[in-house]
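There are 2 protein chains.
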Amino acid sequence: MSSFRDDGALALDWVASYLERAGELPVLSQVEPGQIRAALPASPPEEPEPFEAVLRDLDDVLLPGVTHWQSPRFFAYFATTGSEPGILAELLIAGLNQVGILWRSSPALQELEELTLDWLRQLVGLPAGFHGHIEDTASTGVLASLAVARMLHPDRRVVVCSEHVHSLADKAARLLELELRKVPVDDQFRLRPELLELNDACAVVATIGTTGAAAIDPVPAIADRCQTTGAWLHVDAAYAGAAAVCPELRHHFAGWDRADSITVNPHKWLGVPMDCSALWTRRPEDFRRAFSLVPEFLQSSDDAVNLSEVSIPLGRRFRALKLWAVLRCYGRAGLQERIREHVRLAALFEEWVRGEPAWEIVAPRHFSLVCFRREGSDAENERLLERVNDSGEVFISHARLGDRYALRLAVGNFRTSEDDVRTAWDVLRREASAL
Amino acid sequence: MSSFRDDGALALDWVASYLERAGELPVLSQVEPGQIRAALPASPPEEPEPFEAVLRDLDDVLLPGVTHWQSPRFFAYFATTGSEPGILAELLIAGLNQVGILWRSSPALQELEELTLDWLRQLVGLPAGFHGHIEDTASTGVLASLAVARMLHPDRRVVVCSEHVHSLADKAARLLELELRKVPVDDQFRLRPELLELNDACAVVATIGTTGAAAIDPVPAIADRCQTTGAWLHVDAAYAGAAAVCPELRHHFAGWDRADSITVNPHKWLGVPMDCSALWTRRPEDFRRAFSLVPEFLQSSDDAVNLSEVSIPLGRRFRALKLWAVLRCYGRAGLQERIREHVRLAALFEEWVRGEPAWEIVAPRHFSLVCFRREGSDAENERLLERVNDSGEVFISHARLGDRYALRLAVGNFRTSEDDVRTAWDVLRREASAL
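Top line first, the protein sequences correspond to chains A and B. The first sequence stops at residue 435 when you use our numbering, and every number in between is there. The second sequence stops at residue 1435 when you use our numbering, and every number in between is there.
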């Protein structure tokens, strides 16, 4: 094997060049299912190959199969950013290769995880008293939180949420054998609290920033109801939570400080590469009771509480290092600046849509997501979406809001400029005229 | 922010230097609980800081809190390796920042994941017909497999395993509300198949290479019994599975080809940085039935089956890229060479222990783990372990085997040499004499 330093210089150069040219590549991969696999050998090599060969095939074979989440013109789902300090921190994480199975297996991992989650708690304006740790995704965080709720209320096998809840709640409920009761939403796609029936519910999942429309459930009213019945309140702010870094957007988060658990994904809108999902709880002792199992082979003489005692997997990566690197290299000011710019760009796009005949906005915009459509049928809008994405110039996605098909433009990549958003609008209008 | 290329060169140099000096640092971190956190600011910075500041604090503040899993003298738990190609692949993964939520969100991620798991299947000698995907840890893989078993046998709420099963089975059973029935082991710490009672069992978890003693459950006999009752058979070979890359060790895996699902962790003994746990199943359609939920916002016109439909989290990292890099840069021959060398070193250590009065081997050695103890009480052996680990020269761990406290020396780091194993033996004897 050639030297790590030489191979590393090649890998670093590859990533630097990739970031420079990501904006020139078709955003949505244009390959057919099976095409990438068919272009690779069906069996592993017998003898060692140089790392350069890996880089060469990454360019020649894999890259056409990459949908460019790092492109400034990625506007689908919720756009994300693997920021520069976050990327380099992943190199450090892999170099150290810490395996957090208990405190002593990596004191730095555990203590930095608890510290950075407390930093992030302060940044988003949550009060003291929330204990945080990192999960891979919000799916796992919700699963863990609902498992705790089920333990606390063994006779209540219902979880309540809005009909716009993310599918993670369906999956968690299925795994935990709980019934998921979906409450209708109002004309702004918010859970209607007057329809809440919580007597048999162990938990409510409220969302601040739903996947479809970034709608905001009425958390204060829901928290009141949970307080009465003792139901666990989980707030899913996986996407929107980042916005709470800006004081002027914090009113959208009224009441979330009353939650029993909260998820916010720094890998969505805070520049941390996939994966890094923050889970805070005001009831860490309940989490510990639900998950703690310290087998003999992990018993040690220190008194530390291990993070594996409050979550599902035993082993964890040193994800805190990338969160720490991003929080330091941007600082509060740098994160606020990017979030404000994304909100400004989304507002601008919204204004363009509102100003154009035959186009309409179909949901209130609170953050950096715009839901809109063009006049015509759902099928026509779907066809428009396909044409736009097939162009490779931008990538947007869709949602079903009420009984209508909606197009979604989500600003969230740190490299996105006003020009990129204007390109999206130009492509949309061009493809609409061509239909 | 300074340039990515400049910061990257610093980060790369940091990792290269770290790998060069990892062997000189105290293997087990010597800090007290709370010490690392107390040395860091309680609040995040307001303004951006340079990436260099992160690297400086990594050296000055965090490194004393790192237990060096990359040290050649790490012999605790199961020793692992973040190999050079694996580390650099993590840099690429973060640079690309793929989020695998469905096929089209990254065709390369999904197809490379399926391909590399098929490569690995071939390397460990499993037959065609197993479909593989990657989970974060074996905990998640077992949880998913048992969820499928529960779905298939809704009236059987029991999972059967040996009393030496990893605590992951306890955690999964608790989450799935299944009863875990532990079967006694024989004098080689293997499940006693004549004690299996499976009429009410939805699944059996058999282990090849238990955590305590790397014991091998009698999988062929267990598979026979599962076949009769229809119970799902999961084989946990998280550590030992790597050894199946060597044909001369493959007899230990007799019968695992009859399992319904199998876990092997490339992040343990195959050089892949944390995290990368392989999960194969002969019944991917059952997994899909248990986990598939494709919400509206993810529906697309292609026909691809998405990996999120066979596992718990919706989003996944591009972990396949590091597995691919490692399999290519070592090749079958390179992996075999390292596993054989580790088995040779463990056999050598075993021989030294057997040849020394007052020391004994307490479990059969099949792979690269040696379980041993010194004459005297459990408390004396525990005290010996503490002295050895406090020296910082090597790090070993322990297990309870039967009614006795055992010391464990696990060879598994690619950088470990015969000199390192000899150092472990020297330190053990030195500290034993000093007791």
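Take the hints with a grain of salt, since some may be wrong.
As the list claims (entries may be wrong) - Residues from chain A shown here face chain B by an in silico Cβ test under 8 Å; the list is partial: (1) Phe51; (2) Glu52; (3) Gln70; (4) Thr80; (5) Trp119.
Said to hold, decoys possible - Computed footprint of chain B on chain A, listed as stretches where at least three residues anywhere in the stretch have a Cβ under 8 Å from a Cβ of chain B: (6) 14–20; (7) 129–140; (8) 170–180; (9) 231–238; (10) 329–335; (11) 365–376; (12) 415–426.
What the hints contain is simulated information worked out from the structure, not anything from laboratory work. We put the CB at the ideal spot given by N, CA and C, even for glycine.
Against the structure, the hints:
1. Phe51: At about 6 Å, which falls below the 8 Å cut-off, the nearest Cβ of chain B leaves the hint on Phe51/A intact, so it holds.
2. Glu52: Given a least distance of 10 Å, the restraint on Glu52/A is violated.
3. Gln70: Holds: closest Cβ of chain B sits about 5 Å from Gln70/A, inside 8 Å.
4. Thr80: 6 Å, holds
5. Trp119: This interface hint holds because 4 Å falls under the 8 Å limit.
6. 14–20: holds (count 5)
7. 129–140: holds (count 4)
8. 170–180: Since three or more residues must qualify, the claim that chain B covers the stretch 170–180 of chain A holds, with 6 doing so at under 8 Å.
9. 231–238: Violated - the stretch 231–238 of chain A has 0 residues with a Cβ nearer than 8 Å to chain B, which falls short of three.
10. 329–335: holds (count 6)
11. 365–376: violated (count 0)
12. 415–426: Coverage by chain B is violated for the stretch 415–426 of chain A (0 residues, Cβ < 8 Å).
Consistency with the previously given hints fails for numbers 2, 9, 11 and 12, ordered from lowest to highest.
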